[in-house]
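Sequences are here, hints too, so could you generate the full structure?
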Amino acid sequence: METSGHSHQSPEEHPVIEVSHDSQTSPSETLDKWHNLMLREDIVGPAWELVMNTSFIKKFNFFPSLLTTIYLGCIILYQLAFTYVNIFQLKDQFFAVIIQWVHTAYFWQFLGALGLGVLLYILITPVAEWGLIALIAKRQDESFESIETKGRIGYGVSQGLIHFLPIFELHNFLALFKLLSIITFYILLLRVFGKDYFMSITIFMAVYLGFAFLVNILFSYARFFIIFENKKALESLSLSVRMALMNLEITFHLYFTLLLVYIRTFLTALIFIVFPFIVSALFTYITISLLQIISIGILAFLFLALLVFISHLNSVVEIFVEAIWYNAYRKNKKHFEVWESIHHEDKNHH
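Numbering (our numbering), first residue to last: 1 to 350.
Read the hints as simulated data drawn from the structure, not as lab findings. It is possible that part of the hints are untrue.
Stated by the list, open to error - Straight-line C-alpha distance at most 16 Å; calculated EDC-like pairs for lysine to aspartate or glutamate: (1) 331 to 196; (2) 333 to 249; (3) 333 to 169; (4) 331 to 92; (5) 231 to 169; (6) 138 to 49; (7) 334 to 169; (8) 91 to 41; (9) 331 to 41; (10) 334 to 49.
This is the structure in structure tokens:
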């Protein structure tokens, strides 16, 4: 009689869940417990430990996160403001303010700074994303602990630059399914078709949001195939879908990480939406100039403090999410290599 293979393996290789013979636990429930334990100890646990104990990765990712937060907030604020102008027929007043602003001395300086900011966001985001993944992976190497923080950050930047073109291509493609793009497109449709089509547009975009959520899950492994296996963008997408479908249970157990990213987007949007209303109310109800100046100073300080806090929180969420998906990629890669070897042997046999 063959004995179970689990009895010959060490606890370090496979955690064992003991189930008494008189328990009512079914095999499927036992398997669920094993998967949950594996997710906690091999995927989520190490990711949380990395976030809590690796400060240089937070330093590396803070500026890109700050840039992303500002960009995301400004885009959402612009879309909402323009929609408000269209819905309430305020175009004449709006364009009068714009024309007056164009003739100010600082308009071209602002336009140049805005263009530079957008260019920085477009170029830095892919480099930072790939550099972050490289640092997370290298964190597993004990020799990396001896390198100074400056050297580690330099390593992340160099790895991001090496893989810039394929990740830039992948980043632009997946941007169609990001929450910011969905919100922007939703607001644009409302602005074009008007409030009479609000319900139809909302239902359509809700369906698209669900589809985008699924696409993000299936393509979650693509970036790892590019940086660790030097695959092209389209090939990495195909391999990611294959890996996700082969490991559905692990992949869909991690769906909540996308919810964290979506919540991060809503928090960022909130501070950029609330503060303009507060400033508008300030000028409406406070007429004394000195009090207005003091109040604006306090609000500006609070806004900057919240901006730094939200950027730090976004950075931590990004690191945690990337670490989780990297750990899942490493875990699934073992199954993936076995499948590829069997598939290759079958093709040679035929």
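Do the hints match the structure? See the list:
no.: 1; hint: 331 to 196; in the structure: 50 Å, violated
no.: 2; hint: 333 to 249; in the structure: 14 Å, holds
no.: 3; hint: 333 to 169; in the structure: 24 Å, violated
no.: 4; hint: 331 to 92; in the structure: 59 Å, violated
no.: 5; hint: 231 to 169; in the structure: 12 Å, holds
no.: 6; hint: 138 to 49; in the structure: 15 Å, holds
no.: 7; hint: 334 to 169; in the structure: 27 Å, violated
no.: 8; hint: 91 to 41; in the structure: 57 Å, violated
no.: 9; hint: 331 to 41; in the structure: 12 Å, holds
no.: 10; hint: 334 to 49; in the structure: 23 Å, violated
Going down the numbered hints, you'll see the structure goes against 1, 3, 4, 7, 8 and 10, while the others check out.
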